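*Asks:* Top line first, the protein sequences correspond to chains A and B. In terms of the UniProt record's numbering, the first sequence has 199 at position 199, counting the first letter as 1, and numbering is strictly consecutive. In terms of the UniProt record's numbering, the second sequence has 63 at position 63, counting the first letter as 1, and numbering is strictly consecutive.
Any given hint could be a false lead.
Short, incomplete list of chain A residues facing chain B, as computed with Cβ under 8 Å [to be verified]:
#, residue
1, 81
2, 105
3, 116
4, 256
5, 313
6, 318
7, 334
8, 336
9, 401
For the record, the hints were derived by calculation from the structure and aren't laboratory data. Here the structure is a predicted model, which means the values were calculated and not measured. All C-beta atoms in this analysis are idealised placements derived from N, C-alpha and C, irrespective of residue type, glycine included.
2 protein chains.
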Amino acid sequence: MMKIDGGVTSPKGYEASGVYAGIKKSKKDMALVYTKTPAKVAGTFTLNIVKASPVRWSMDIVKNSDVAHAVILNSGVANACTGTVGDQNNEAMAAAIAKELEVDVKEVLTCSTGVIGKQLPMEAILQGVKLLPKELSNTIESGTIAAESIMTTDTYSKQCAVECVIDGKVVTIGGMAKGSGMIHPNMGTMLGVVTTDVSISKELLQEALKKDVEDTFNMVSVDGDTSTNDTLILLANGLAGNSEITKKDENYEIFCKALKEVTTDLAKKMAGDGEGATKLFEVKVLHAEDKKQAVTLSKSIVTSSLVKTAVYGNDANWGRILCAMGYAGVNFNPDTVDLYIESKAGSLKLVENGMATDYSEEVATKILSEEAVTAIADIKMGGETATAWGCDLTYDYVKINADYRS
Amino acid sequence: MMKIDGGVTSPKGYEASGVYAGIKKSKKDMALVYTKTPAKVAGTFTLNIVKASPVRWSMDIVKNSDVAHAVILNSGVANACTGTVGDQNNEAMAAAIAKELEVDVKEVLTCSTGVIGKQLPMEAILQGVKLLPKELSNTIESGTIAAESIMTTDTYSKQCAVECVIDGKVVTIGGMAKGSGMIHPNMGTMLGVVTTDVSISKELLQEALKKDVEDTFNMVSVDGDTSTNDTLILLANGLAGNSEITKKDENYEIFCKALKEVTTDLAKKMAGDGEGATKLFEVKVLHAEDKKQAVTLSKSIVTSSLVKTAVYGNDANWGRILCAMGYAGVNFNPDTVDLYIESKAGSLKLVENGMATDYSEEVATKILSEEAVTAIADIKMGGETATAWGCDLTYDYVKINADYRS
Numbered sequence: 001m002m003k004i005d006g007g008v009t010s011p012k013g014y015e016a017s018g019v020y021a022g023i024k025k026s027k028k029d030m031a032l033v034y035t036k037t038p039a040k041v042a043g044t045f046t047l048n049i050v051k052a053s054p055v056r057w058s059m060d061i062v063k064n065s066d067v068a069h070a071v072i073l074n075s076g077v078a079n080a081c082t083g084t085v086g087d088q089n090n091e092a093m094a095a096a097i098a099k100e101l102e103v104d105v106k107e108v109l110t111c112s113t114g115v116i117g118k119q120l121p122m123e124a125i126l127q128g129v130k131l132l133p134k135e136l137s138n139t140i141e142s143g144t145i146a147a148e149s150i151m152t153t154d155t156y157s158k159q160c161a162v163e164c165v166i167d168g169k170v171v172t173i174g175g176m177a178k179g180s181g182m183i184h185p186n187m188g189t190m191l192g193v194v195t196t197d198v199s200i201s202k203e204l205l206q207e208a209l210k211k212d213v214e215d216t217f218n219m220v221s222v223d224g225d226t227s228t229n230d231t232l233i234l235l236a237n238g239l240a241g242n243s244e245i246t247k248k249d250e251n252y253e254i255f256c257k258a259l260k261e262v263t264t265d266l267a268k269k270m271a272g273d274g275e276g277a278t279k280l281f282e283v284k285v286l287h288a289e290d291k292k293q294a295v296t297l298s299k300s301i302v303t304s305s306l307v308k309t310a311v312y313g314n315d316a317n318w319g320r321i322l323c324a325m326g327y328a329g330v331n332f333n334p335d336t337v338d339l340y341i342e343s344k345a346g347s348l349k350l351v352e353n354g355m356a357t358d359y360s361e362e363v364a365t366k367i368l369s370e371e372a373v374t375a376i377a378d379i380k381m382g383g384e385t386a387t388a389w390g391c392d393l394t395y396d397y398v399k400i401n402a403d404y405r406s
Numbered sequence: 001m002m003k004i005d006g007g008v009t010s011p012k013g014y015e016a017s018g019v020y021a022g023i024k025k026s027k028k029d030m031a032l033v034y035t036k037t038p039a040k041v042a043g044t045f046t047l048n049i050v051k052a053s054p055v056r057w058s059m060d061i062v063k064n065s066d067v068a069h070a071v072i073l074n075s076g077v078a079n080a081c082t083g084t085v086g087d088q089n090n091e092a093m094a095a096a097i098a099k100e101l102e103v104d105v106k107e108v109l110t111c112s113t114g115v116i117g118k119q120l121p122m123e124a125i126l127q128g129v130k131l132l133p134k135e136l137s138n139t140i141e142s143g144t145i146a147a148e149s150i151m152t153t154d155t156y157s158k159q160c161a162v163e164c165v166i167d168g169k170v171v172t173i174g175g176m177a178k179g180s181g182m183i184h185p186n187m188g189t190m191l192g193v194v195t196t197d198v199s200i201s202k203e204l205l206q207e208a209l210k211k212d213v214e215d216t217f218n219m220v221s222v223d224g225d226t227s228t229n230d231t232l233i234l235l236a237n238g239l240a241g242n243s244e245i246t247k248k249d250e251n252y253e254i255f256c257k258a259l260k261e262v263t264t265d266l267a268k269k270m271a272g273d274g275e276g277a278t279k280l281f282e283v284k285v286l287h288a289e290d291k292k293q294a295v296t297l298s299k300s301i302v303t304s305s306l307v308k309t310a311v312y313g314n315d316a317n318w319g320r321i322l323c324a325m326g327y328a329g330v331n332f333n334p335d336t337v338d339l340y341i342e343s344k345a346g347s348l349k350l351v352e353n354g355m356a357t358d359y360s361e362e363v364a365t366k367i368l369s370e371e372a373v374t375a376i377a378d379i380k381m382g383g384e385t386a387t388a389w390g391c392d393l394t395y396d397y398v399k400i401n402a403d404y405r406s
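Using the sequences provided together with the hints, build the complete structure.
*Replies:* Below you can see the structure in the form of C-alpha cells.
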C-alpha cells in the first residue's frame, strides 16, 4: 500500500469537474464526480434529526439503488430547513444533471453545504449543471478543482489517494472532503466523496465504510456542532479487475486498510483546517478498559473549549485535560493517570499518577508551538486505545462565525 | 417575597469578610462567611470524577456533620489534582480558621477556585486565616467584599438577597457566587454560598437545595466545561424564629420559592458574566413532552459554539439553533418548530413550522444587540418548559483562556 498524488479521479474510470455557477459571490461553488461504469455505492450520513434535502435524497439512493453514476455537490447553500420546496429543488438539480449525463435520476447522489434555511438558487444551479459535464476529466487537476469547489470556510482543499494490490490487481482509492465549521462526531460532519475501482459487493462496501468512519471521521471535532448535511459517499466501479470481494477475507482486510489510510488522511486534514485553527490537535487515550471508554475520554478532551484555548496559547494547562476527562461521564481513577504532550519538537511527561511532574514550562511551550501537537492520556486500566482529532480555539473561529452569513 | 439589597450577611446572625492574603498578585483572594449560631448545612457539588480536595472535604461535612459555623474560600489556586499534600493543606486551612473561630474543624467548610494542579501557598493561606476573623462584620459591605474576594475572571461580584414571611416571621435568604469559566451543567459549576436564618430540618434543607439547582445553577453553561471544584453551600441558622419546617407544607413552599429567587438571580448573573461575554443569552424551550426533553434541547442550544458566536455577532442565524436541537439526542419534529427571539428591543418570529418567516434581518439584529437576549423554541408536543442561561462566545473568551495561567 502506498500514498500517491491525487484524489477522486485517481481510481480507474472516474472523472471530476468544478465550476463557478453563481451561488457564491465569486468562488467556485459546484462540483461533479462521475463514473461511466456504474458503481456500487455506500454512504454514511448525519445523525442530526434535522436532515437537509440532499441528505435524505442520497440516503434513499444508498439504500435502494443498485448502482450510481454521479455525485453532484454545491457549496454556499445547505438546502436544510427548506421544506418541500427544498426537496423539489434538490430533485430538480439531480434530474437536470442526470439528463446531461444520460443516467437515471436515481443514480445521482447530491450533497450541499452552506447556509441553513435558504433555498437553492435554481438559476445558478441549472447553469452549473450545464457547465459541469463539459469540464469533466480524469486528470489529478480536475479532482483538485472539484475538491476546491466544495470548500466553504476551508482554507485549503482536501484530497488523498492510495494504491494497494488485491488479487494481483492494483486497486486505487481516492477521496476529497470539505469541512471546517459544524464539525463534530456522529458522522464526521462534512462532505466527502471517496472513489475506488475495487470490485466488491454492495453489502461489504457499506459495512467497510460504516466501520471505517468510527475510527476516522467520527473521531474529528472542530466545534462540537453536528451538521444537518454531513455526508460521506463511497463509490466502487470495479474497474481494477480483481475478483469481486464477497466475504471478509484477506482481500477485504487489505481494502479496509487502504480505505482507512485515505479517510484518516482526510479526517486529519479536516481537523487541522478547522475554522480559525492554527494547529492540528491530536488526543490519544491509552490502556482503556474498552473502546467506548477510550473514545469518550479522547473526544471529551478534544472538544473542551478550555483545553482548545490552552492549546492555542501554547499553554501546558494540563489540569484542564484531567478536568475534561473527569466530566466525560465514564469511570476511571484520576490518581493513576499519566499525561504526555508530543510534537516534532519532542515529548514531555506532564503528569504522573494524577499529579504534576517537575517538567519545564519552557520545554512544554516549545512542544506545543508546533503545527501538530498530541496529548496522550494513559489511564492504565486495560488494552484499548482511541485517537481523536481536533484543533485549537482561536480568535479567528469567533471572527468567522460571528458573522458568517454576511 | 421581595428582593432587598445585600448578600450573605443579610440574614440574621451572619458575618463575612474578605482579604488579600497573597495567593494572587494583587487582588483580594480569601473570604470567610461565619455564623456564631450553629447552622444546618446543605450542599451540592461537582459531578466531575476529578474532585478537588476542598470538594471532598465539604461533601463529608454536609453528609456527616450536624451543624456548621463557617465557610472559608480562596481564589487563585483550586487545590485540585494535588494528591494527599492537597488534602493535608486543605485540612490545615480548615483547622487554622477553626482555631481562630473557636469551633470544631468539622464545622468549617472549604472552597477553592483557580488553577488546577498547584498546591495551596500555605504561608499566604495562614496569613489570610489570621486576617479574616478580624474583618468579620454583618454589614452589607462585608458581604460585598467577601463576594469580591472569590472572583477569578469574573468582571463583577455576584450577590442577591430576598425576604419572605414564614409562620409570621421575616425570613431572609442571601447568597454570593463566582463563576466565569469552566461553567457548565451538572452542579452549576461555580462557588456559591447561600445563607438563611430560616429554621428547617437538615433533610428538607438538603432536599430544597437539590431540587433548586436543577432549575437554576444546573441550567447555566458558559463553556461546557464542568469544573473540578463546583460547590454550592446553603447554611440555615434558624434565627428568624419561625417554627422549624419539618414537612413539605406551605411554609416549605414559600422557602423554596424565595430560595429560587436568590439562586436564579445568581445563576443569571453568572451566565451573563461568562468569560469574555458581552451578553446574557437565555434559551426557553416550550411545549416539550417532558422535562428531560425540554432541558436537553435548551442546553444543547445554549452550549452550541456556532449559536454563541452568532449571538455575539447579533446575527439571526436561526439554522444553527435548529441544528443544535437536531443533534441534542432527543426526538422532536423539526417541521413543526417555531422559533422566536426576544429582548428589550422587541420580539420576532424567525421560524414557523421549521421554515423561515419573512422576518426583517434589520429588526432581528436590533433585538439581538441588547445586553440580554432570549431565544424561544416552541416544539408543540406537550406541556413542559425549560429555561437555560449562557452567554455569547467572543474574542475575549479566547484571549482570557489562551493564556490563563500567566
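*Asks:* Hint by hint, say whether it matches the structure.
*Replies:* Hints versus structure:
{"no.": "1", "hint": "81", "result": "holds (6 Å)"}
{"no.": "2", "hint": "105", "result": "violated (24 Å)"}
{"no.": "3", "hint": "116", "result": "holds (2 Å)"}
{"no.": "4", "hint": "256", "result": "violated (28 Å)"}
{"no.": "5", "hint": "313", "result": "holds (3 Å)"}
{"no.": "6", "hint": "318", "result": "holds (6 Å)"}
{"no.": "7", "hint": "334", "result": "holds (5 Å)"}
{"no.": "8", "hint": "336", "result": "violated (12 Å)"}
{"no.": "9", "hint": "401", "result": "holds (4 Å)"}
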